[in-house]
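Whenever a hint applies, use it, and build me the whole structure from the sequences.
From first to last, the protein sequence lines are chains A and B. Under my numbering, the first residue of the first sequence is numbered 192, with each subsequent residue one higher. Under my numbering, the first residue of the second sequence is numbered 21, with each subsequent residue one higher.
No lab work stands behind these hints, which were simulated from the structure alone. Possibly wrong hints are sitting among the right ones.
[To be verified] No more than 30 Å apart at the CA atoms, straight line, and that leaves these computed lysine-lysine pairs for DSBU-like:
{"id": "1", "chain 1": "B", "residue 1": "K187", "chain 2": "A", "residue 2": "K198"}
{"id": "2", "chain 1": "B", "residue 1": "K187", "chain 2": "B", "residue 2": "K167"}
{"id": "3", "chain 1": "A", "residue 1": "K198", "chain 2": "B", "residue 2": "K167"}
{"id": "4", "chain 1": "B", "residue 1": "K73", "chain 2": "A", "residue 2": "K217"}
{"id": "5", "chain 1": "B", "residue 1": "K75", "chain 2": "B", "residue 2": "K305"}
{"id": "6", "chain 1": "A", "residue 1": "K217", "chain 2": "A", "residue 2": "K198"}
{"id": "7", "chain 1": "B", "residue 1": "K185", "chain 2": "B", "residue 2": "K167"}
{"id": "8", "chain 1": "B", "residue 1": "K305", "chain 2": "B", "residue 2": "K73"}
{"id": "9", "chain 1": "B", "residue 1": "K185", "chain 2": "B", "residue 2": "K195"}
{"id": "10", "chain 1": "B", "residue 1": "K187", "chain 2": "A", "residue 2": "K217"}
{"id": "11", "chain 1": "A", "residue 1": "K217", "chain 2": "B", "residue 2": "K305"}
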Amino acid sequence: MNIFLFKLTVWGALAYTAVLESIRRKDLWVAAILAVVMIGAASVIGHFGVRGLEMFLKDVTLTVVNILSVILAVLFAARQMPEEISRRTIYPLLARPVTRFDLIFGKFLGALTLSTISLLTFTVIGWGALLYFGLGVGAIFWQYLLLRFFSLAIICALTIALSLFLTPQATATMALLLAIGSSTFSTAVTMLHGSVGSAVRKGLEVAYFTLPQLDLFDLSKKVSYGWKPISGTTVLLLLIYAVVHSAIFLMVGAIRFRRQAL
Amino acid sequence: MSGCYAPDGTDAVSPANSGRLSEFFMTTGMRSQTATALSLDNLNVSYSTGPMKPKRRVVEDLSLEVQAGEVVGFLGPNGAGKSSTIKAVMGFLTPDSGTIRVFDEPAGTPAANSKIGYLPEVALYYPFLTPMETLWLYGKLQRLGGKALRDESYRLLNLVGLGGKEKQPLRTFSKGMQQRLGIAQALLGNPDLLVLDEVTSGVDPIGRRHLREILADVRSGGTTIFLSSHELDEVAQLCDRVILIHGGRKQDERPVDDRFRQGIGSALENYFITTIQQAEEQYAKENNP
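Put into structure tokens, the structure is as follows:
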């Protein structure tokens, strides 16, 4: 077996175990029920026959999908490494011919797979709710899903890296703040950029380009307002952006974890 | 105490001049090209006790060798540094200084770990998996797969007495059953070196005897075993040699001869207690002149 195939097998086995754990813990069921309740509650308005609320329904549905998928991605990723360490299951894993980076990457893939499954679950529920009220979504909807997937990759990588520095609770809080506060931050930077001194402006620029701008991946408003799909080049650039940021976060985590005493 | 002399004043025996070993190699042959399965050279390990606090040294200038095919008991009282040494061998702790080699490979690397089967001090496994799924996961991490892995998993589970429980979730397993599974995962892939930390911890007397029989079978196949244990009966019956550490330092090493075996642990227990007491007296003299 060549080395790349072996690495794929290792990462796949670790990811599969993470997914299996979550399924057997019924995490995804809880998420699905939560999505049904929230989207259902929003849909009640439509049920009373209020006209002109199509955009509102779409907006609420996609916002619920966005928020729940981010929360679950953070929760899935935040527990991967700390749980391995606290319940000592990490010892038999690292006693095998695998590196610590293999473990981190396998866990990342597991968290990303779970996040994607939950995103698709929420999407199916949301889409079902919209179809129920006779509302369709355009082709941009598929791009919306793809870009959500990219952003979840960044969130999972960021959270796993943070989990190697902080306690699980602090990791979840920090990752949620960064993920959900990202758009607020970028809006604030855009507004402040022209009205501050050069030193502060430089600092803001560094922070803007260092922190992942997750709102770049959010096409929910465009879906709600029925925009046309964005260009393939933009999608490709966003893919590169997501891969680079995810790789940076995973490398930071791996450097931290490389010599950590277990 | 330097560890050069046994408590009764006789020369402590190094692995190199043990007659048993040469006989062993002549009769069974070596599994590996390298005669030394495990070597520690001036190993120093310390733990950080907290931010801005000084490190606490738990292993001090420890040197030892385990020859291929040997069964070595690694003994010491609680807090002696046994588990820290084993963790350093497995690459879970980075030593401050010194070298560790496993069949000539630097410890903690995938190349070294591919030759080791490891049982942690407290064996815990994923509660949501079954024994078969657990062995599948560990098998995949060491390049096993397909029917060979499935057959090997069934064979090992039967060997450790978990036959018929292959598909039962581990959350329903007792500590002793988890320890049996721990032995099975350590034996997966037929490793050249078994590193066992408190091998019979939590296992009932029948299970202990069973595990001893398994380890005796394993050693007859030429596998090197390095085990830490507080069960001196088990050590007397299984090991070719014992190494005693206390305060992170090696105090003594000697072969387990018939004198130890016939006493079924009590002779070894006396030896253990005498050596540790001498080490403590020596330590007290050094620190309170």
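Quiz prompt | Hint check, failures only | solution = 4 and 11
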